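There are 4 protein chains.
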Amino acid sequence: MCRWLAYSGTPILLDELLYKPRYSLIDQSMHSRLGVETTNGDGVGVGWYEPSDQPVPALFRGTGPAWGDVNLRELARVTRSGLFLAHIRASTGTPVQQTNCHPFRYGRWLWCHNGAIHDFRELRRDLMLAIDPDLFPSVAGSTDSEVMFYLALTFGLRDDPLRAVERMAGFVEQVARAHGVASPLQMTVGATDGDRVWAFRYSSEGKSRTLSFSTALTALRALHPDMELLRGLSEETRLVVSEPLGELAGAWNEVPESSYGVVQKGDDELGAFTPR
Amino acid sequence: MCRWLAYSGTPILLDELLYKPRYSLIDQSMHSRLGVETTNGDGVGVGWYEPSDQPVPALFRGTGPAWGDVNLRELARVTRSGLFLAHIRASTGTPVQQTNCHPFRYGRWLWCHNGAIHDFRELRRDLMLAIDPDLFPSVAGSTDSEVMFYLALTFGLRDDPLRAVERMAGFVEQVARAHGVASPLQMTVGATDGDRVWAFRYSSEGKSRTLSFSTALTALRALHPDMELLRGLSEETRLVVSEPLGELAGAWNEVPESSYGVVQKGDDELGAFTPR
Amino acid sequence: MCRWLAYSGTPILLDELLYKPRYSLIDQSMHSRLGVETTNGDGVGVGWYEPSDQPVPALFRGTGPAWGDVNLRELARVTRSGLFLAHIRASTGTPVQQTNCHPFRYGRWLWCHNGAIHDFRELRRDLMLAIDPDLFPSVAGSTDSEVMFYLALTFGLRDDPLRAVERMAGFVEQVARAHGVASPLQMTVGATDGDRVWAFRYSSEGKSRTLSFSTALTALRALHPDMELLRGLSEETRLVVSEPLGELAGAWNEVPESSYGVVQKGDDELGAFTPR
Amino acid sequence: MCRWLAYSGTPILLDELLYKPRYSLIDQSMHSRLGVETTNGDGVGVGWYEPSDQPVPALFRGTGPAWGDVNLRELARVTRSGLFLAHIRASTGTPVQQTNCHPFRYGRWLWCHNGAIHDFRELRRDLMLAIDPDLFPSVAGSTDSEVMFYLALTFGLRDDPLRAVERMAGFVEQVARAHGVASPLQMTVGATDGDRVWAFRYSSEGKSRTLSFSTALTALRALHPDMELLRGLSEETRLVVSEPLGELAGAWNEVPESSYGVVQKGDDELGAFTPR
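Residue numbers (the UniProt record's numbering), protein chains in the order written: chain A, 1 to 276; chain B, 1 to 276; chain C, 1 to 276; chain D, 1 to 276.
Certain hints may be false.
Treat identical chains as interchangeable: a pair holds within one or across any two.
As the list claims (entries may be wrong) - When the alpha-carbon atoms are kept at most 20 Å apart in a straight line, the in silico SDA-like pairs for lysine to any residue are as follows:
#1 Lys20 to Asp226
#2 Lys20 to Gln54
#3 Lys20 to Gly93
#4 Lys265 to Arg158
#5 Lys207 to Glu173
#6 Lys20 to Asp53
#7 Lys207 to Ser183
#8 Lys20 to Pro51
#9 Lys207 to Asp134
#10 Lys20 to Val56
#11 Lys20 to Pro55
#12 Lys20 to Pro275
#13 Lys265 to Asp126
#14 Lys265 to Thr10
#15 Lys265 to Glu235
#16 Lys20 to Thr10
#17 Lys207 to Ala182
#18 Lys20 to Gly232
Rather than coming from a laboratory, the hints here were simulated on the basis of the structure. Here the structure is a predicted model, which means the values were calculated and not measured.
In isolation and in its complexed conformation, chain A is listed as follows (with noise of 0.2 Å):
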């Protein structure tokens, strides 16, 4: 299992959230208090937009643990962004590697996980062999996150998000049923295009990870009013988040069980997450 985060909004230096809040990210990779494993030590990954006339986001991704990455703690003191997404590894058996770490890049898009799926070992082959053929030669690692990402993609995730992910989800399934392997699918998954970013949070078993999203600004600001950080934001800035950080009365909503999300310019969607 990992943990991981989403930020979108006033562009803030990576450092404001991987680092200095009370039970940040990188607190988490060795003292996480309600993953799965206590010890997040398998690897790290940041992607950023910036700059944004770069055609693909930035990623910087290390195998060591993220609480002594001496050149993630230097890159985020001086990189700025208005949209990243940030994961800590726990392995869940596949080896620790570089091509392991989320975030997963493919053009424009982003994609991190919590969670596996079950005997991913027995249904890779076949969860593999259903990748579009133009996409496979990008598959670049050896984990259930990367293939689920590529299933993802094959389904169409670059036009319709949510179908695709359900659409991948109830994939996942139908494999694992032919294999007789029950409950397979465990997933809190955050991905971006860059533009919006998408939520997911799903188990076969209808008791997925945790995941959480932060409160409207406005709401968070009237209840802390002496709060200097919250004054800088904007409107729209949204975290979405694995385990809450910080201590902040108020702020962290739980993403109900087997929903999506979508953070976007406007209202932000909430909506039922199912399988097909």
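Position chains B, C and D against the provided structure of chain A, taking the given hints into account.
Structure of chains B, C and D alone, referenced to chain A:
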């Protein structure tokens, strides 16, 4: 491209071959004389069969340049074996990671490769689909070399190594033809089951990477009566190398183009290699 | 802080102690129960004395978390030794790098440490100046633990280990006093010359990290007559550990506060440790 | 030995110099043409001054070969700076670890070095003792290059860089003489405070490693009126390099033996370097 060696004979410290000779394998990681690339700094690996009661050979694989691998240097100093395979890697495009380092292992078998499948990215899916579904979950990395190994296993490596590797080569060429890829295969391969060592030299274009085997010990001792190292080795001791070590006159014979050899108890074999 | 173990006795595979027991040392790298930190993911090392004709013990040191070190797992499976020292690291501020991993080695000696010199950054220069100029070039890393080792060597570790370590501890406390640092030293130390094993437990404040040694084999066999592993081990086999392995009732004795112990042929020793 | 470059001028993507030119610095990591070693695969680093409101420059340092560092490639693609120092390392004996990678940083200062102090192991203690005790705790690695930096800081680098480096060189030679070491110092050094760049070329034996600086932009544009890249750069843009990049005729001037140069607003400086 890469460099490798296989040793079979009187048990010696790995050190004796990996570090001590002039032009040793580890030297070649920085200064290969005969390789297509002069630098082979993208990983190193060694597999050996001691203690012999272990069900599978031992494996050490490092992702940094061989010349600076402190753990390998230590290991080589204290590990004695009568059969081992060592390899230094120069990536032809796939990531530098432990799962891409040779030798690859399956059960009692070890496999290492110098060369490439051209346009492997395009051919990879079709090649992987042909791997026996029972073997598929064991594919851990992303190299052409490992896919060749699992294809050979699929085609019967454990029963009839020559025929299995010939079928693998033929299959790679057939898939390449279907994709319009000319001269797809370039390889020297070393493989062993812990008892015999097979070596293969082949390329679709008929210009294969160099491969040599060592002269019979009796002949070599006659040429160099004063060399102490040679006295301690049994008649049956043999080396197969991508590139000759040391400068011993008369020590090395080139494996002919499109050939295979077997190092084994009793007479060794040398014959023609024909993709099927 | 860190965790370590020392084994002396009938040669066994490293595996038997590093991986197989419940609460094994490698388990402790992710989930220590008694350590100040629960995670010890900043490196791992093991030193051993086979083959015995080597002038110096062999050393393997990895910078990643022990739980994911594939090479160590392989090594432990095939390496048999009657004397070894193993260590997992949780950095107290110095960089994660191979030269900072324990055990440290000088000639026939190995040294590992759990604890810290408080305010080491401030004291480091004065401590390093006291290292014998002939030994100084061998200091390779930047930890307090290694400086303690070289100070002990300077003060005669090779001739009178107890006295040398007592002088080292006394000297650290004296330098700390001069800098106004209170309660400077916290340590359990394991040291060996390949023949005997010394263990030390001491802290300036009198609240030292845990340290235990194993019960005499005869007594242990009487308690657990059905345990096969125990039958194969000689009377003189002993373990010294930061944290008990397994759950064997009656297997472990705590080393008292401010004490030292010696595991050796004939009677072991246990006595008071007094910084000089 | 190593290779390095310093850039000062119109902000550009690091990419433009680290990867794009023929014979780029990253190319030189595998195939240096002018270096004493042709391979510089023991680490890579880059330091830069963006965003400019940060108290210290940003630093990225990797321990693997530069040619395979995926994170550096990403970083170079999205990082724009008007002043940066980059370095590729070929170890002369000290360990391959992040704390031994250049550039070294202290406050606003960055420092990188190509060359060596001969018999550094023997001289290291005396050299380290001369480092200002207040600076001593910041020495993190074990190279001669870093010790040279801290000696220069001790001798006043921040106030009078030329004089401080001359005193450092003089001091190294004096200590070497006392130890009977002939021709101890070999160096090209690049140093910057984020405003000006100093470059030094010196060796005790008068045969220093190569060092070049770029021709004035006006002259270069006159020679190559059709080169687009050149048009976007200010008059004051300068490069200092261990080894010329690209093949632009008339682009490079060698720094004379025993000289220093300063790249700064207004006229640059070039003068004699004399150890004191």
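Going down the list of hints, with the structure as the test:
1. In this assembly of identical chains, the alpha carbons of Lys20 and Asp226 lie at most 20 Å apart only when taken from the same copy (18 Å versus 49 Å across copies).
2. When the C-alpha separation of Lys20 and Gln54 is checked against a cutoff of 20 Å, the pair qualifies only between copies, where the shortest distance is 16 Å, while the shortest distance within a copy is 28 Å.
3. Proximity of Lys20 and Gly93 under a CA criterion of 20 Å is satisfied inter-copy only: 18 Å between copies versus 31 Å inside one chain copy.
4. In this assembly of identical chains, the alpha carbons of Lys265 and Arg158 lie at most 20 Å apart only when taken from the same copy (18 Å versus 49 Å across copies).
5. Within a single copy, Lys207 and Glu173 get their C-alpha atoms as close as 15 Å, which meets the 20 Å cut-off; across copies the closest is 49 Å, which misses it.
6. Taking the closest pair of Cα atoms, Lys20 and Asp53 come within 20 Å of each other only across two copies (18 Å); inside a single copy the shortest separation is 28 Å, beyond that limit.
7. With identical chains, the CA atoms of Lys207 and Ser183 are at most 20 Å apart within one copy only, with a shortest distance of 10 Å there and 49 Å across copies.
8. Proximity of Lys20 to Pro51 under the C-alpha cut-off of 20 Å is restricted to the inter-copy arrangement: shortest distance 19 Å between copies versus 23 Å within a copy.
9. When the C-alpha separation of Lys207 and Asp134 is checked against a cutoff of 20 Å, the pair qualifies neither within a copy, at 35 Å, nor between copies, at 31 Å.
10. Taking the shortest Cα distances, Lys20 and Val56 sit within 20 Å of each other only across copies (18 Å), while inside one copy they are farther apart (27 Å).
11. With identical chains, the CA atoms of Lys20 and Pro55 are at most 20 Å apart between copies only, with a shortest distance of 17 Å across copies and 30 Å within one.
12. For the homomeric pair Lys20 and Pro275, neither the shortest alpha-carbon distance inside one copy (37 Å) nor that between copies (41 Å) is at most 20 Å.
13. Taking CA atoms no more than 20 Å apart as the test, Lys265 paired with Asp126 passes in neither setting, with 38 Å inside one copy and 43 Å between copies.
14. Taking the closest pair of Cα atoms, Lys265 and Thr10 come within 20 Å of each other only inside a single copy of the chain (12 Å); across copies the shortest separation is 35 Å, beyond that limit.
15. Proximity of Lys265 to Glu235 under the C-alpha cut-off of 20 Å is restricted to the intra-copy arrangement: shortest distance 10 Å within a copy versus 43 Å between copies.
16. Proximity of Lys20 and Thr10 under a CA criterion of 20 Å is satisfied intra-copy only: 17 Å inside one chain copy versus 33 Å between copies.
17. Taking the closest pair of Cα atoms, Lys207 and Ala182 come within 20 Å of each other only inside a single copy of the chain (14 Å); across copies the shortest separation is 51 Å, beyond that limit.
18. When the C-alpha separation of Lys20 and Gly232 is checked against a cutoff of 20 Å, the pair qualifies only within one copy, where the shortest distance is 16 Å, while the shortest distance between copies is 39 Å.
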